[in-house]
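In order, the protein sequence lines correspond to chains R and Z. Numbering follows the working numbering, in which position 184 of the first sequence is assigned residue number 184; successive positions increment by one, without gaps. Numbering follows the working numbering, in which position 173 of the second sequence is assigned residue number 173; successive positions increment by one, without gaps.
Hints are computed from structural coordinates only; laboratory data are not their basis. Being a predicted model, the structure only gives us computed values, none of them experimental. One should not assume that every hint holds.
To be verified - Here are a few chain R residues that face chain Z, going by a calculated C-beta distance under 7 angstroms:
1. L53
2. T54
3. I231
4. Q235
As the list claims (entries may be wrong) - Restraint ranges, calculated between C-beta atoms of paired labels, are given here:
5. Z:V117 with R:Y19: 26 to 32 angstroms
6. R:R205 with Z:V112: 57 to 63 angstroms
7. Z:V117 with R:T166: 29 to 35 angstroms
8. R:S309 with Z:P91: 27 to 33 angstroms
9. Z:E37 with R:N164: 55 to 61 angstroms
10. Z:P54 with R:T166: 40 to 46 angstroms
We treat Cβ as the ideally placed atom computed from N, Cα and C, and that holds for glycine.
For reference, the chains in residue letters:
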Amino acid sequence: MDDSTKLFLQRFMRRIPSYMLRTTLEKWGRLTAAQQKSIDFTQSKWALTEALLTICEENKLAMKHLIELEMIYIMDNPNQGMWYVLQLLDPEDDAHSVELMQFKEQFKSHLKELVRHVSIKIKNHTDQAVWIRIAWGDAFSRPNHLKPTFGVHYLQTPYVFVTNLTSKQKPLLSQAVVLSTRYQAIKDANLSGRKLTAIRDLLMRKYQQVFPTKYPSPLAENNQTISNPHIVKEQAEPAANRLHMACKAFGGGALPQLQSAVYKLKTKFRDDPNKTMTEREEPFRCVVKFESTNLLESLRHCASSGIASTPVTPLLSCIPLKGRNYFVITDNDSGPSSQTHQPQN
Amino acid sequence: MSLLKPFSKLPGLNSANILLVESEEQFQQSLADALVEETTFTVNVRLAKSLPLPVENEESRPRIDLVVFIINLTSELSLQSAEASLKCLDPGYFLGKVCFMVTNARSAAAPVERLDVARKLAASLHCPLLFAEDQTPDGVTNATERLLTILKVAAGLVPMATALYLSNLTRSTVPPDIEQPSFN
Numbered sequence: 001m002d003d004s005t006k007l008f009l010q011r012f013m014r015r016i017p018s019y020m021l022r023t024t025l026e027k028w029g030r031l032t033a034a035q036q037k038s039i040d041f042t043q044s045k046w047a048l049t050e051a052l053l054t055i056c057e058e059n060k061l062a063m064k065h066l067i068e069l070e071m072i073y074i075m076d077n078p079n080q081g082m083w084y085v086l087q088l089l090d091p092e093d094d095a096h097s098v099e100l101m102q103f104k105e106q107f108k109s110h111l112k113e114l115v116r117h118v119s120i121k122i123k124n125h126t127d128q129a130v131w132i133r134i135a136w137g138d139a140f141s142r143p144n145h146l147k148p149t150f151g152v153h154y155l156q157t158p159y160v161f162v163t164n165l166t167s168k169q170k171p172l173l174s175q176a177v178v179l180s181t182r183y184q185a186i187k188d189a190n191l192s193g194r195k196l197t198a199i200r201d202l203l204m205r206k207y208q209q210v211f212p213t214k215y216p217s218p219l220a221e222n223n224q225t226i227s228n229p230h231i232v233k234e235q236a237e238p239a240a241n242r243l244h245m246a247c248k249a250f251g252g253g254a255l256p257q258l259q260s261a262v263y264k265l266k267t268k269f270r271d272d273p274n275k276t277m278t279e280r281e282e283p284f285r286c287v288v289k290f291e292s293t294n295l296l297e298s299l300r301h302c303a304s305s306g307i308a309s310t311p312v313t314p315l316l317s318c319i320p321l322k323g324r325n326y327f328v329i330t331d332n333d334s335g336p337s338s339q340t341h342q343p344q345n
Numbered sequence: 001m002s003l004l005k006p007f008s009k010l011p012g013l014n015s016a017n018i019l020l021v022e023s024e025e026q027f028q029q030s031l032a033d034a035l036v037e038e039t040t041f042t043v044n045v046r047l048a049k050s051l052p053l054p055v056e057n058e059e060s061r062p063r064i065d066l067v068v069f070i071i072n073l074t075s076e077l078s079l080q081s082a083e084a085s086l087k088c089l090d091p092g093y094f095l096g097k098v099c100f101m102v103t104n105a106r107s108a109a110a111p112v113e114r115l116d117v118a119r120k121l122a123a124s125l126h127c128p129l130l131f132a133e134d135q136t137p138d139g140v141t142n143a144t145e146r147l148l149t150i151l152k153v154a155a156g157l158v159p160m161a162t163a164l165y166l167s168n169l170t171r172s173t174v175p176p177d178i179e180q181p182s183f184n
């Protein structure tokens, strides 16, 4: 075992919480049953690392095995760091028939043509996701395993989720993905979030959606009218209406957890009493950022409680509709572009 | 715009009707649940986000004995909504049948000026101003008790006392130095 492998294991042990170590090691399956039993998981991290190092020496485990261990951990706990979404465009005729083995081989060969020193590991997760781990090196250095890029691609969908990708490596990854998935182009989908599952659910519409309907829900459990006969809500109908409008815009039930939405305004300043600002030719540049632990939930509450007006402005409702949370608003297109919003949580 | 009138309907036997107006519709729900627990007389609670009340409920609505405006001091919208709703009340209500209930007055997020505005508002309308805690069950119970005391009088359930008489004793007054900056 060389020094870089040792360093990698030490770093990994520092990142993983002790209580997850046992299950992760079991899933890894590189340790014999006796070795598993010999590890005392109540020890300190430092002692555990030493114990693991000796076991790895015994079993002659190399870097490629330890990478597997890290991937297992990340696959189980993907909610670390920021995830960004890339969207593939213009599928070719055979794009729908790409299967895992073909994708694996093609991706590896395409990326290795572009960069000489690169280490790629591709694993298939239980939920049809293909996990790609890339450790990048440049022309003169070996792949740096301490700062790998992770990518997740669901076959037959046009989305790739990436984390820890620098702008230098982005074109390389994009090209390899485009070629191996049989698409023709790729673009930034303008969606990011801390929770991989949440942004996946948002893009693939895996949340409860509410469709426009003229009549109230026939399901009794949805109509919570059973309450004390002495308490009467005077404005129950508008309130139910608002709630329905809000659910129509953002979806019912539990919503995917998005952390932020950013609107970059490049519109002219419009405020009639304020002449000096309104008469300026150049656009008024500002950034409006909404932040919350669960942004969509907050926005839905704003709309249903009447803090924000209903029907929900297209600027807000297009977050789930288009699956984006970064918008640039310019004056050229007509319609909702001229509105500005105050941030609210 | 239909004004809500205090004496347009006949009172019910041994019952009192209270209208809670709150733009956020959070605290009014817990207050209402606590208010209807009262056993010595029947309490009917009507909840509203703002006034005027919808015309279609006019028939079923009993005579409202007490109107309570709940103002969350951390929200400007809450105060503005209450101010706007006041215009839809018949002047007769201000003879002791309106009270203001302020929440979150101790919160650091509530500017002091807003409390002053609320106090002046209550003082100018000769209404009592109550302070309540909406986060804890104890606070809700306290607020409920105070409201019930006023409600009993306003509904005419207390012999020898009238709402106008009570409001002379409980109405909010603005201290004369409220305009002056404090130096302490």
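Okay, the hints, checked on the actual structure:
no.: 1; hint: L53; verdict: 51 angstroms, violated
no.: 2; hint: T54; verdict: 55 angstroms, violated
no.: 3; hint: I231; verdict: 5 angstroms, holds
no.: 4; hint: Q235; verdict: 5 angstroms, holds
no.: 5; hint: Z:V117 with R:Y19: 26 to 32 angstroms; verdict: 53 angstroms, violated
no.: 6; hint: R:R205 with Z:V112: 57 to 63 angstroms; verdict: 48 angstroms, violated
no.: 7; hint: Z:V117 with R:T166: 29 to 35 angstroms; verdict: 53 angstroms, violated
no.: 8; hint: R:S309 with Z:P91: 27 to 33 angstroms; verdict: 31 angstroms, holds
no.: 9; hint: Z:E37 with R:N164: 55 to 61 angstroms; verdict: 57 angstroms, holds
no.: 10; hint: Z:P54 with R:T166: 40 to 46 angstroms; verdict: 58 angstroms, violated
Checked against the numbered hints given earlier, the structure breaks hints 1, 2, 5, 6, 7, 10 and satisfies all the rest.
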